[in-house]
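Enquirer: Sequence:
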Amino acid sequence: MSAPNPAQIYDRAKEEGARRLSMPPLEQASTGFIAGVTIVFGIVALSMTEELIAPSLGTGPGKLAGALAFGTGVVFLVIGRSELFTENFFDPVAAAIDRQGASVWFRLGRLWILVLALNLVGGTVMAAIFTIEGALPAGAHEVLVSVAEDVAAKSGWATFARAIAAGTLLTLLSYLLHAADSATARIVLAYLVGVFLALGPFDHVVVSGLHLLFGLWLGAAVTVGDLGQNFGLAVAGNLVGGLLLMTLTHTVQAKSSPGTE
Numbered sequence: 001m002s003a004p005n006p007a008q009i010y011d012r013a014k015e016e017g018a019r020r021l022s023m024p025p026l027e028q029a030s031t032g033f034i035a036g037v038t039i040v041f042g043i044v045a046l047s048m049t050e051e052l053i054a055p056s057l058g059t060g061p062g063k064l065a066g067a068l069a070f071g072t073g074v075v076f077l078v079i080g081r082s083e084l085f086t087e088n089f090f091d092p093v094a095a096a097i098d099r100q101g102a103s104v105w106f107r108l109g110r111l112w113i114l115v116l117a118l119n120l121v122g123g124t125v126m127a128a129i130f131t132i133e134g135a136l137p138a139g140a141h142e143v144l145v146s147v148a149e150d151v152a153a154k155s156g157w158a159t160f161a162r163a164i165a166a167g168t169l170l171t172l173l174s175y176l177l178h179a180a181d182s183a184t185a186r187i188v189l190a191y192l193v194g195v196f197l198a199l200g201p202f203d204h205v206v207v208s209g210l211h212l213l214f215g216l217w218l219g220a221a222v223t224v225g226d227l228g229q230n231f232g233l234a235v236a237g238n239l240v241g242g243l244l245l246m247t248l249t250h251t252v253q254a255k256s257s258p259g260t261e
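Just so you know, the numbering used here puts 189 at position 189 of the sequence shown, and the rest follows in order with no gaps.
Hints are computed from structural coordinates only; laboratory data are not their basis.
None of the hints are false.
For each label pair, taking beta carbons as the anchor points, the in silico distance ranges come out as: (1) Ile-79 <-> Ala-3: 18 to 26 Å; (2) Pro-25 <-> Gly-80: 19 to 27 Å; (3) Val-252 <-> Thr-59: 41 to 49 Å; (4) Glu-142 <-> Leu-199: 19 to 27 Å; (5) Val-252 <-> Ser-56: 47 to 55 Å.
Positions of the beta carbon are idealized from the N, C-alpha and C atoms, including for glycine.
From just these sequences and the hints, can you work out the full model?
Expert: Structure below.
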């Protein structure tokens, strides 16, 4: 089968975006909550895998193995049809541009706020469970502490730059999923993006925020101020990368492509 052209991908995105915008607030909130719960399994998989590999093979192979494990969390999100904050950039924005009008932009803003808030609530609930002593294998908590301290140690500009990369990457995933016509292709795309996100590691507002939350609860050298700063910079960077670098440019590409309605 030939791959769909940009106009066809954009039309698929508009259809999916319209579905998300028309969901009742309770469904949007529950979808966001499930995504927050789900992505924690990727974070925990990273910590358990790195804890197993690093002592024998070294830090580099341990981090690589952890990133390979984290990719499963993004697969769970995509196949489970739950949504992280940045997954609602390309599709709903495409639908909003197509429909226009003040009401559709209000629904878009509500979708973003609800999904982001419930991503964090769901992730916080699951993180609280995994911080209980004995809930994870020995050493996994130490990895979570180390990751949180690495996230907090970056400069503001570095965090912003990495957040732009994360927003671009996750929005690119949203676009590419509409070019995939099989579950296998969707799984591969989601997994590769998840691995790349963790290898950076790039600052996704939800993932980095949960890393820092784990650190706070597990005694890392991380403060509430670090969490707040990362949140602000990550939101801004994710928006720049997801909306300006990906959604806007793909919209222009699709609108210029023959066959766009």
